[in-house]
Amino acid sequence: MSTKELVIEAGRTEKRYWQDLWNYRELFYFLAWRDILVRYKQTVIGVAWALIRPFLTMIVFTIVFGNLAKLPSEGVPYPILVFAAMLPWQFFANSLSESSNSLIVNANLVSKVYFPRLIVPASAVIVSFVDFMISGMILLALMAWYNFVPSWRIITIPLFILIAFLAAMGVGLWLAALNVQYRDFRYIVPFIVQFGLYISPVGFSSKVVPEQWRLLYSLNPMVGVIDGFRWAILGGESQIYLPGFLLSLGIITLLLWSGIWYFRKMERTFADVI
Amino acid sequence: MSKPVIKVENLGKKYIISHQQQNAKGYKYKALRDVISDGTKTFAKKILKPKSKETINPTQEEFWALQGINFQIGQGEAVGIIGRNGAGKSTLLKLLSRITEPTTGRISIQGRVASLLEVGTGFHPELTGRENIFLNGSVMGMTRVEIKQKFAEIVDFAEVEKFLDTPVKRYSSGMYVRLAFAVAAHLEPEILVVDEVLAVGDAAFQKKCLGKMGDVATKEGRTVLFVSHSMQAIAQLTKRCILLNKGGVQFDGNTDKAVGLYIAGQEDGTESPAFYQAPASKTGSYLASAQVHSSEDGVQMWGKAIEFEFTLQVDEPSDRLRFLVEIVNDLQQPVTKFWLFKEDAPFFTKSGLFTLRCQIPKLRLYGGSYTLRTWFFKRSAPHTLLESLTNICPFEITMGSVERPGLVGYEWKPNECSYLEDATWEISE
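So the sequence lines, in the order shown, correspond to chains A and B. Sequential numbering from 1125 applies to the first sequence in my numbering. Sequential numbering from 30 applies to the second sequence in my numbering.
Everything labelled a hint here was simulated from the structure, so no lab data went into it. Note that the structure is predicted; figures quoted are calculated from it, not measured. Heads up, some of the hints might be wrong.
[As the list claims (entries may be wrong)] Capping the alpha-carbon separation at 30 Å, the derived lysine-lysine pairs in DSS-like fashion look like this:
#, chain 1, residue 1, chain 2, residue 2
1, A, 1236, B, 43
2, B, 70, A, 1389
3, B, 36, A, 1389
4, B, 32, A, 1165
5, B, 237, B, 286
6, A, 1236, B, 70
7, B, 241, A, 1194
8, B, 36, B, 241
9, A, 1236, B, 275
10, B, 237, B, 177
11, B, 32, B, 191
12, B, 241, B, 311
Let the sequences and hints guide you as you build the complete structure.
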């Protein structure tokens, strides 16, 4: 068997951390599997909840922004415009709330067993990803309803999904680590999610933002992600505002990198403070 | 000892415990508000009094849960870790299983460590028994293939095959714990760390668990670290024990000796006197004094006569008064007991102070330390207990007097057995 020597010392940076993460991939798989199984247990309509919530929000947004405020729709049916943004936003928002709570919910595991803690928020993001895939079906249904045929750009969608994933991961890691120590984030996160829905271009196209503010607006990492989704799904008139997109990408990279750094730094004390 | 698989050098773990200055109630979480307000306070202090260097913060105190721990454990050894609450046992296990990181020192471990710190860690109430076996197994570090191989064995051990597809939240607590232990017991790491898990299930299941743990250590040759407050379990499973006391190693060696020290230490370190004298404040009927007259001064030779002397204060005479004395070994198990059988005793009719003497012409208890436990009660249904005293009159029994013509230089070891009878052998051809 393995005769590898393991040395535990104060302040020792675990060289084998990433390898460990790989060794524990099964736990990662099981945690995600558990959360997916548990998510809709003892509910009557089960997985349909993943469809109903975004669907209703989409209807409200279409009515408010499309029909009442009469905002421009980039030449596509307004529900599709909204839903192309609703998908990544819901994914981001769910990941945020799930992963920020993930360590607290799994406190008994964290304080009793060793494993790379990074697994916990990461598997929370995966669970939200499953919801994302399910609500993706609504988009397909909408497209069929409006006889909307996407252009070739739709094949780039995995790239934008990946970007959304990294954004959710970066912010999720920050919030998860902070929430262990400061339970204030329990109240801050729902606020971020609620607030973010309105400052991100979910209900409207980001074109409605005046040109001189667009770069500043792109400081919100979800702006780049949502614009990317719209560009890939809607095709046609939809354009990416390149400087803004690159800025969003930069912010996402920074968030992810610093999130991992902060999480790793705090990780060693999680069991003591949780 | 074979080559060490666990080597611990100068290990220490410090915690900062905070005391709230003004109101101590409800201080649970570190809230951002406190950090900000404390931060500004210290910042303001620094600005106002730049000279006073880091004054000791009265609200925070360093607490060393463990300090200066050194030991080595060899391949295939089963080692018990004992100590009173707060001695640092759990912290030590947490450090060994990498849950938290040490403040000082170094641990080096050869091989995979699995810790069984609490039965049922990672069980999810909504999932079925079957799902939980997989989940729990993976939490403990088993691979899916391993779990599949052991699945039947685990279910069999836990005796829950009927309820495999029921969510565990509907399990009885016994079933829950059995399932959890079964998963844990089928782990196959090189080093197994077990924390107080045997206190589960009914007596039969406990026996099964003990047997399983014994197998893991002896038959399968794995290194086991075992924490328990059950001295019987410790004595049964381990030969070596590390006794922790206030964050340090008090004793490391033979289990019997460690257990003895542990139990002796439980009496707050105060040596109980060789005789018992009731406090002056006692009223009613009670044991006024107790004393052991051993064969030598302070030590009892095996096979020699011993006498226990008690004085009873009786204020309400009754023909239902009974007295009973037990000899208790250092594992707190009663070894033998003596009833006072008298059809007619003076305190049946009279009140006052009475002296009782109990003589044993040949005491054949095996060498070791013993104490007395007394029961003074009134027979009725149910019995009315007047007074019961434990751990009084400690005395030692030595085997020095026993002659062994054929075995010169044989060393008597304590706790080899509990009783040595006089016997004659006849050999015929």
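Each hint tested on the structure:
{"no.": "1", "hint": "A:1236 x B:43", "result": "holds (19 Å)"}
{"no.": "2", "hint": "B:70 x A:1389", "result": "holds (26 Å)"}
{"no.": "3", "hint": "B:36 x A:1389", "result": "holds (26 Å)"}
{"no.": "4", "hint": "B:32 x A:1165", "result": "violated (51 Å)"}
{"no.": "5", "hint": "B:237 x B:286", "result": "holds (27 Å)"}
{"no.": "6", "hint": "A:1236 x B:70", "result": "violated (36 Å)"}
{"no.": "7", "hint": "B:241 x A:1194", "result": "violated (73 Å)"}
{"no.": "8", "hint": "B:36 x B:241", "result": "holds (26 Å)"}
{"no.": "9", "hint": "A:1236 x B:275", "result": "holds (22 Å)"}
{"no.": "10", "hint": "B:237 x B:177", "result": "holds (23 Å)"}
{"no.": "11", "hint": "B:32 x B:191", "result": "violated (45 Å)"}
{"no.": "12", "hint": "B:241 x B:311", "result": "violated (49 Å)"}
Of the hints listed earlier, those the structure fails to meet are numbers 4, 6, 7, 11, 12, in rising order.
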